[in-house]
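Q: Chain by chain, the residues run as shown.
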Amino acid sequence: MSTVTEASTSPRGEGPAPTPVRQPKRASSAINLAQLVAALPMAVRKLDPRLMWRNPVMFIVEVGAALTTLLAIVEPFLGGPARSGGGDVPASFTVGIAFWLWLTVIFANLAEAVAEGRGKAQADSLRQTRTSTNANLVAGYDEAADAAAERASVSAVSSADLTLGDTVVVTAGELVPGDGDIIWGIASIDESAITGESAPVVRESGGDRSAVTGGTRVLSDRIVVRITSKPGETFVDRMIALVEGASRQKTPNELALNILLASLSIVFLVVTLTLNPIAGYSAAAVSLPVLVALLVCLIPTTIGALLSAIGIAGMDRLVQRNVLAMSGRAVEAAGDVTILLLDKTGTITYGNRQAREFTPLAGVDNDELIDAAALSSLSDPTPEGKSIVDLAIETGFRNPGTLDAVVVPFTAQTRMSGIDLPDGSFVRKGAGSAVLAWVRETTPVDPAVLDDLNATVERISELGGTPLVVAAGSAAGARRILGVVYLKDIVKEGIAERFAELRSMGIRTIMVTGDNPLTAKTIAAEAGVDDFLAEATPEDKLALIRREQEGGNLVAMTGDGTNDAPALAQADVGVAMNTGTSAAKEAGNMVDLDSDPTKLIDIVRIGKQLLITRGALTTFSIANDIAKYFAIIPAMFAGVFPGLAVLNVMQLHSPASAILSAIIFNAIIIVVLIPLALRGVTYRPAAAASVLSRNLLIYGLGGVIAPFLGIKLVDLVVALLPGF
Amino acid sequence: MDLWFAVLQALTLALVLALIYRPLGDYMAAFYQSSRDLRIERGFYRLIGVNPRSQQTWQSYLRSVLAFSLLGVLFVYAIQRAQAVLPYSLGFPAIPSGLSFNTAVSFVTNTNWQSYSPDVTMGYSVQMLGLAVQNFVSAAVGIAVAIALVRGFAQRRTGTIGNFWVDLTRGVLRLLLPGAVLAAVVLLAGGVIQNLTGFTDVTTITGATQSIPGGPVASQEAIKMLGTNGGGFFNANSAHPFENPTAWTSMFQIILMLAIPFSLPRTFGTIVGDKRQGYAILGAMAAIFVVSLTALTLFELGGAGTAPLAAGGAMEGKEQRFGIIGSALFGTTSTLTSTGAVNSMHDSFTSLGGMMPMLNMMLGEVAPGGTGSGLYGMLILAVITVFIAGLLVGRTPEYLGKKIGPREIKIASLYILVTPTLVLAGTALSFAIPAVRADVESTSIWNPGLHGLSEVLYAFTSAANNNGSAFAGLTANTPWFNTALGVAMLLGRFLPIVLVLALAGALSAQDTVPATRGTLPTHRTQFVGLLVGVTVIITALTYFPVLALGPLAEGLQ
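Residue numbers (full-length UniProt numbering), protein chains in the order written: chain A, 1 to 724; chain B, 1 to 557.
What the hints contain is simulated information worked out from the structure, not anything from laboratory work.
Treat the hints with caution; some may be incorrect.
[Unchecked claim] Estimated spans, in silico, between C-beta atoms of each pair:
1. B/Pro-434 with A/Met-42: 46 to 52 Å
2. A/Ser-327 with B/Phe-75: 53 to 59 Å
3. B/Pro-434 with A/Gln-249: 45 to 51 Å
4. B/Thr-483 with A/Leu-713: 48 to 54 Å
5. A/Val-63 with B/Leu-182: 55 to 61 Å
6. B/Val-291 with A/Ile-73: 46 to 52 Å
7. B/Val-291 with A/Met-42: 48 to 54 Å
8. A/Leu-697 with B/Leu-47: 56 to 62 Å
9. B/Gly-159 with A/Lys-492: 45 to 51 Å
10. B/Thr-483 with A/Leu-273: 44 to 50 Å
11. A/Gln-249 with B/Trp-446: 45 to 51 Å
12. A/Val-63 with B/Trp-446: 37 to 43 Å
13. A/Asp-530 with B/Arg-63: 46 to 52 Å
14. B/Ala-18 with A/Leu-273: 42 to 48 Å
[Unchecked claim] Covered by chain B, per the in silico footprint, the following chain A stretches (three or more residues, Cβ under 8 Å):
15. 109-120
16. 258-264
17. 280-288
18. 624-633
Keep in mind it's a predicted model, so treat the numbers as computed, not measured.
Heads up, the beta-carbon is just placed ideally off N, CA and C, and yes, glycines get one too.
Given the sequences, and given the hints that come with them, work out the whole structure.
A: Given below as structure tokens:
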């Protein structure tokens, strides 16, 4: 078995350097008073029952508010408020309850409006890029005869009229009229309108960086673009819809939670509706406003009010990190992911491998190898090529400056690059098997040399490096292998800790690489991934995802190339790089505008945080009911059964003040928790059991204790009101 | 001294149940999963035309349950109406239609609420052919449904949940029948009567004549307890010396009630392939049981007032041979399982003590609950708990590898809606409809005031939760109570069964997700605590207002 490897000088590295990771400043995550005030008109507009109906919990509150308002208006004509639970009620009681119930509804709407308002600002700035521009539509584009569309007739049309499959020409200074793929040319493009990143990026036809987005500006050169989106369905359109929350659909977990909340509300509705007939038997019937107050206090208003804000804010947090999720479902799925597929290059290791060592074969002069390797790399623009030259210079190689030689670039077919020198000799470097085949074209290889080569290659592979074999050919035609360059993969700092963190969250990481198994194993061990897929083809990747999914796992991956598209579509969470092709972006369910593959880890965290925030506020909301009972039950019946005063553990001032205080607390807690809903609860990666303990302590126990204190405090103030 | 005795008694019980847990749980897991039929079973399957190897979808399983139960109701109703012409009827007349309906529903739903005095209403033929048969099959139906749910958790992408006819047949033939025979022998040895002699008139020492009833009591008593039925042969139920002669037979009856419900978690753990899950469910059941028992014992021991002072304890309504301790344990057991048998009158417990049996039933009969129904009730609560806990750890909630999504939550939410709605609506309607209220107040309630309210509340709680115990002091043989309680029993039994089977179907159609470190572990103390918390809080929040109006207001006076 030959251990000569299949490694190549990374074709990936030949594109422009990835845009640097940036901490975007799209919106600050803290909310301020101005935001609240700005959202107020919207909150009032949302009182429309046709809109409220969608949130059953708050709808009940609104109906209760309307009912008590009606009672407050009618009462004075019926001789004041009805007696309740065998006791008198202050005249202003019903008005107070009605007022605070309306506030409760408005506070709930406010939470949603604030969350939406943040997206709106973003949407407005995006909308400016969507203003229609002129497009140079090519009539009858002929790919074979006139790829550059220089002779075809071009007509100016509005970008709004472009449809799928149209071909347009865009020259420097113009806006790209719609989403598409470059089919001819190369250009530098300013994508700041979309990504917020001011450094221009290079886009070119063919390969994985051919996609352009409508609304971005071409800074140089001339490109021919085929439009890949329908009007009104462009990337920017979708982004606007997303950040505005217009296309927000309830996710499965949100749906399930809504069902649970609705059913709890129904239980409490039954409790309230059946109370008076039963209490009537003991002559302790309570008045309608008190019943409404009891119902509102019991139904889970806190979570009901904040639920949709939590969802919108979760999407918003992703947008702040420059990730666009095509659906909330994908964000939620991110929290459930159990397997992460990560590309080695760029994610686990730095994209550029560094030359570390020249190893000549027996009988080859070290300098000869260095010269050949350096010469063949002089015109090689990849980071690997540059690092070979740098290492050569360190060991005494002198850069000859200009060189009158023919550069043979790397292609996927030859898997080699090199130069043809003016004196008729050649130098080639590349994957072992490719170089070996090249040498054998003219010259047989001595078995001893082969053994030597294999041993060297294997040694480098075991070190986790990529062996690059260098060979030379004389003008006469004799070719021989000189030696091997050791290209070292540099594992990113701190990546092992992040994987350990993921493992503690129950997520396995699988490294995907084109390297041979030996190299892959070493890097995998160094980076601390759980598993690796070596010599991976797109088909292997797809098969791996399918296999893991059949075992019940949820798989997340990143990808940018067109050949990643099937795997991106198959994965439960597929994050496409913005630099990637349209096909990849279409296939994935998220797009990372920064094209930073490590962001997958952040996405998982946000997905979890979203669920935890919902769970935490639900727990808090239900736990609150205990204290509210201790406020309201003795207040309701203490008039008839003085013994129940024992339950008044908070020593609230009077029955009326107790009930009103509970309602006021119930309303205020919503406003207090809006920032938490928007920010999300703190999440520290840990095993599920310890996360649960921590959250139960804070939101469960906290939810039991907080209202006892809160209601008591409110009661101290309410007691000062006349009549209470 | 009393307290030490209570602790000793509880420890003895715990020891016996611990010894039973593994063998009985494993035995049930084995025979419900077995693919071999006994010869008598094969004959029965041929007779009813069922292929024992065919698997049913949840809809099909449900249709079988409902059809079988409907037949049961019709048969028990018919046999009561025909009592006058049946042999061994002791000369009792046909039973009126309202009471017949109530009783038929009551025994088919495993409630065994008795709106009548059995010793002066039911002849031997009705007792043995109608009621005793239902004692066996209604218990077997409960276990079958629970096993179907467990299969839902265990199976991957099958969509089927077993075969009802096989589960029913095996439940009766391999578990309840041999168990009841064994138990009957023990009870006979303990002094429970077993004869067909009818009434014996005797002249007492003082010269008065007394009519002493006989009957096949031991055989009925065994399945009454083992199947958590609770319908007594005599009106005084297990307080009657012919049903429950001594303190040790009382203890034996308690063990019978708890044996199957407390062992089913083992069966569950074994079938889903993770015995720790069974221990977790057992832990939650046991924790609630211990707390409830402690509370009732303390309330009763602390009973204040002139009568308790004179008697040296709150002995009203309790038998001297059982005492406060033995009565508290029996009462707790009987109301925390769905048995409803009594060896003391719950109506005469102290005010707060009387609240405990009510609370026990309000918990939804899950600690450990009735045969089968306790396990499936607890598993539904576990699903709700997992959902909340799952969100708290940031994962789509999953239980035993099954995702708890909108469909599962919808089913579980509806389940926890059913009994509170029945209890509260039933109680409220008793007072809301003027004609009914007049009848309830004049005919049914013997103790007006707060206690009367508690009696009505207790009746509906008992019926909707299929417990069957009565607070006494309430005349329930009226058109309103016979009908309303009958409806409550029917809905309280079969709506949950519909939902449980739907859940089983949804789960069995799902694939299983492998557990990771990010998965919430559902076998640890933490989860057990949370499950208990959710169970108690849901119950407390639902019933706090009515309890405040009834026993709490009474107890805190």
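Q: Quick check: the stretch 109-120 of chain A, covered by chain B? Criterion 3+ residues, Cβ under 8 Å.
A: Not satisfied, violated; 0 residues make the cut.
Q: Please test the hint of 45 to 51 Å on the beta carbon pair from A/Gln-249 and B/Trp-446.
A: 58 Å, violated
Q: 53 to 59 Å was suggested as the range; check whether the CB atoms of A/Ser-327 and B/Phe-75 agree with it.
A: Holds, since A/Ser-327 and B/Phe-75 (Cβ atoms, about 55 Å apart) stay within the stated range.
Q: Has the hinted range 56 to 62 Å been met by the Cβ atoms of A/Leu-697 and B/Leu-47?
A: 60 Å Cβ-Cβ, so the 56 to 62 Å window holds.
Q: Can the suggested window of 46 to 52 Å be confirmed for the beta-carbon pair B/Pro-434 and A/Met-42?
A: 49 Å, holds
Q: Does the beta carbon distance between B/Pro-434 and A/Gln-249 stay inside 45 to 51 Å, or does it fall outside?
A: 49 Å, holds
Q: In this structure, is the beta-carbon distance linking B/Val-291 and A/Ile-73 contained in 46 to 52 Å?
A: Taking Cβ atoms as reference, B/Val-291 and A/Ile-73 lie about 49 Å apart, which means the hint holds.
Q: Do the beta carbons of B/Thr-483 and A/Leu-273 sit within 44 to 50 Å of each other?
A: 21 Å, violated
Q: Does the stretch 280-288 of chain A contain three or more residues whose Cβ lies closer than 8 Å to a Cβ of chain B?
A: holds (count 4)
Q: Is it true that B/Gly-159 and A/Lys-492 lie within 45 to 51 Å of each other by Cβ?
A: 47 Å, holds
Q: Could you tell me whether the CB distance from A/Asp-530 to B/Arg-63 stays inside 46 to 52 Å?
A: 48 Å, holds
Q: Take the C-beta atom of A/Val-63 and the C-beta atom of B/Leu-182, compute their distance, and say whether it sits inside 55 to 61 Å.
A: Holds - the Cβ-Cβ distance for A/Val-63 and B/Leu-182, about 59 Å, lies within 55 to 61 Å.
Consistency with the previously given hints fails for numbers 10, 11 and 15, ordered from lowest to highest.
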